[in-house]
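Given the coordinates of chain A, work out where chain B should sit on it, guided by the hints.
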Amino acid sequence: MFRYTKSTFAREVVMFLVALLFIVPVYILVNMALRPAGDSSSPLVPPSDPTLANFAEAWQQAGLGSALLNSVIVTVVSVAGIVVVSALAAYPLSRVLSRLSSVLFWIVLAGMMIPFQVALIPLYQTMRDLGLLGTLPSLILFYIGSQVPFSVFLYTGFLRTLERDYEEAAAIDGAGPLRTFVAIVFPLLRPITGTVIILNAIEVWNDFLVPLLYLSGTPQQTITVALYAFVGQFVSNWPVVFAGLLISVVPVLLVYFLMQKQIIKGFAGGLKG
Amino acid sequence: MTATAQHTPSTTDPRRSADRPRRRRYAGVGRAKSMLLFAVPALAIYAFAVVVPSLRGAYLAFTNWDGLSQTSDFIGFDNFVRIFTSESSLDALKMTLVFALAITVLQNGVGLILALGVNSGLKSQNFLRVLLFAPVVITPVVVAFLWKFMLTPNGAVNSVLAGIGLGDVAPSWLGDPFWAAASIVMMVVWQKAGYSMVIYVAGLQSIPQEINEAAVMDGAGTWRKFASITWPLLAPATAICVMLTVIGGLKMFTEVFVLTAGGPGGATETLSTLLYKSAFQFNEFGYGISLALVLALVVGFFSVAQQRLARRGQY
Chain A
1 MFRYTKSTFA
11 REVVMFLVAL
21 LFIVPVYILV
31 NMALRPAGDS
41 SSPLVPPSDP
51 TLANFAEAWQ
61 QAGLGSALLN
71 SVIVTVVSVA
81 GIVVVSALAA
91 YPLSRVLSRL
101 SSVLFWIVLA
111 GMMIPFQVAL
121 IPLYQTMRDL
131 GLLGTLPSLI
141 LFYIGSQVPF
151 SVFLYTGFLR
161 TLERDYEEAA
171 AIDGAGPLRT
181 FVAIVFPLLR
191 PITGTVIILN
201 AIEVWNDFLV
211 PLLYLSGTPQ
221 QTITVALYAF
231 VGQFVSNWPV
241 VFAGLLISVV
251 PVLLVYFLMQ
261 KQIIKGFAGG
271 LKG
Chain B
1 MTATAQHTPS
11 TTDPRRSADR
21 PRRRRYAGVG
31 RAKSMLLFAV
41 PALAIYAFAV
51 VVPSLRGAYL
61 AFTNWDGLSQ
71 TSDFIGFDNF
81 VRIFTSESSL
91 DALKMTLVFA
101 LAITVLQNGV
111 GLILALGVNS
121 GLKSQNFLRV
131 LLFAPVVITP
141 VVVAFLWKFM
151 LTPNGAVNSV
161 LAGIGLGDVA
171 PSWLGDPFWA
181 AASIVMMVVW
191 QKAGYSMVIY
201 VAGLQSIPQE
211 INEAAVMDGA
221 GTWRKFASIT
231 WPLLAPATAI
241 CVMLTVIGGL
251 KMFTEVFVLT
261 AGGPGGATET
271 LSTLLYKSAF
281 QFNEFGYGIS
291 LALVLALVVG
301 FFSVAQQRLA
311 RRGQY
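Here the protein sequences line up with chains A and B, keeping their order. In this text, residue positions in the first sequence follow this note's numbering: the first is 1, and each later residue adds one. In this text, residue positions in the second sequence follow this note's numbering: the first is 1, and each later residue adds one.
In isolation and in its complexed conformation, chain A is listed as follows (with noise of 0.2 Å):
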C-alpha cells in the first residue's frame, strides 16, 4: 500500500489547490446572491453586508414555487416509469433467449444512438395533435420512451451477472413470471436500479431543451426554463438573478451533498457495466 511521504504531502496539497480552484464559480454564485443590490465590489470579494432580500424577490418575481413544483412532479413521475418499464422489460431480454428476444434487445439499444433531436420535432407535431402539448405529460411521455434505451442497456447488463438459482426456486414452488418478477427479481436488481434513479433523475431534472420546446407559451414550467425566462428579464440585477440560480441548484446540491456516496458510486458503477 501507499506510504505518506513528503511528496504524498505536496501531492494533497496541489490537489486541495485545484479542488479550491474548481469550486470558486460556486463561491461567486453564493457570494452574489448575499449581496445587496448595488455593491459593485469584485465578484470574489465576500459581501460586506450580506442579505437574503434577494430571495425573496427571486422567488416572487421568477415563480420559482410552482416551476419547481412541476420539475419535482415531472422528475419522479418519469423516473418512477423508467424504473418500471425497463426493468420490466429487461428482465425477458436478458433471460428468454430466441430469435425475436435478441431482436427486441438490439430494436431498444439502437435507441442510444439516436439524436433525440431528430424525434423531437416530429413528436411535437404528434403531442400537439393529441392535446398534450403544453403539459407535464408530454413531458413525461418524452422522457420515459427516450430513457428506455439507456436504463434496459443498464438493467440487462446487471441481469446478466445474476445467478438464476432464486427465479428457479421461485418457480419450482409454483411462482408465475410476474410474481418471480416482483418478489424475486426486482428487489435483487436493487443496486442497479439506484444507479438508474440517479442518473435519469439528473438528466430529466437538467433538461432544458425539451421543456422549452414543449411548454413554451404556457403557465407551465419546469425549472430550467422558468430560470431562462426570468434571467432574460432581470439581466441587470445580478445579485436577484443569481439568488434565482442558487434556488434551483440548492435541492440538487442538498440531494447530492447527502448521498455523495452513492451518486458518485453509481455514475462510475452504472457506466463501467
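Calculated directly from the structure, the hints in this document are not laboratory data. Ideal Cβ placement from N, Cα and C applies to all residues, glycine included. Any given hint might turn out to be false.
[What the hints assert, rightly or not] To list a few chain A residues with every Cβ distance to chain B over 12 Å, as calculated: (1) Thr51; (2) Leu52; (3) Leu69; (4) Thr135; (5) Ala183; (6) Arg190.
[Stated by the list, open to error] Okay, derived cross-link-like pairs now, DSBU-like style, lysine-lysine, Cα gap no bigger than 30 Å in a straight line: (7) Lys261/A to Lys123/B; (8) Lys123/B to Lys265/A; (9) Lys148/B to Lys251/B.
For chain B alone, kept in the frame of chain A given last:
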C-alpha cells in the same frame, strides 16, 4: 458460468445432469413467451416517443414542411443540398466537430489528471472527489448563466487577470469568435471533468496493486509505470469516457444556447442550435429535421468508429 458449475467437477457429478432438464422445464416455451409480454410497455412507449417520430422525421427531412400545415411537399434532397452548400450550415457542422474534439480531449485529459491526483494515496481523497464532482450535478442552464456573468468585461475572470497583472491581455471573452468558442469549451470542461474523473478512478481501482508493486520492484519510474501499465489497463475506462464525451459534445445544446446563443455573428453556432432556430424560430421544420438527420449520421458515424477503435485497443 454459474457458481454450482464451478464447485462441481464436470462430467461425473449426477447433480449436474439432473440440473439440465429442470432448467429447460421452468424456462419453457410457454413461460418464455409470456415473459416477453413484460417488454410490451417499454417497447410501446419507446416506439411512441422515439421510433415512430424518428422514422417520420427521416421522411420529413425530404419535405418543405413548415410545422403548421397538415400537408407538405416532397422536395427530394433539396434540404441536404442546402446544408452542404450554405456557408452557415457548413460552419455549424465544422463547429460541432471542433467542439466535440476539443471537449473530448480536454475533458478526459483533465479528468484523468484529477483521477490520478485523488487516487495517489491522499488522506483527503474522498473529500476531494466530492468537491470535484459537484459541478456535474449543477443544472447546465445555471452553469451557463454563471459563466456568462464571470466572463463579462468586469466579471470575475477579468478581475482575477487584472489582479495578477494580466488585465491588458484579457480578451473580450464572449465578443470575440475564437474566445467565445474557447469559453464554451472551458465551461464544459469545468462542469464535466469530474464525470470523467470518477470513471477513471473506478478504472484505476480495478488495476491490481501487485502489478504496480512488481513494476516498482523492477525499477520503473513514475512515467514508465504510467505509460506501460496504468494507461493500457485504463483502456476500458477511456473507451467509455471517449464515447460519452464524443456523443455529448456532438449533441450539446443548452451550454451554447444559453452562453452565446450561437454568437458572436454565428461563430459558435452548432448543428443543435441551428436546427432549433430553423425549426422553431424560422418555421422551417423540414430543414430543421434534415439538420437533425445530418447530426444523427455524424453521431452514428463517430459512435461506430469509436467502438471499432476501442475494440482494437487503440488507446
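Here is what the structure says about each hint:
no., hint, in the structure
1, Thr51, "holds (19 Å)"
2, Leu52, "holds (19 Å)"
3, Leu69, "holds (16 Å)"
4, Thr135, "holds (15 Å)"
5, Ala183, "holds (15 Å)"
6, Arg190, "holds (18 Å)"
7, Lys261/A to Lys123/B, "holds (17 Å)"
8, Lys123/B to Lys265/A, "holds (19 Å)"
9, Lys148/B to Lys251/B, "holds (21 Å)"
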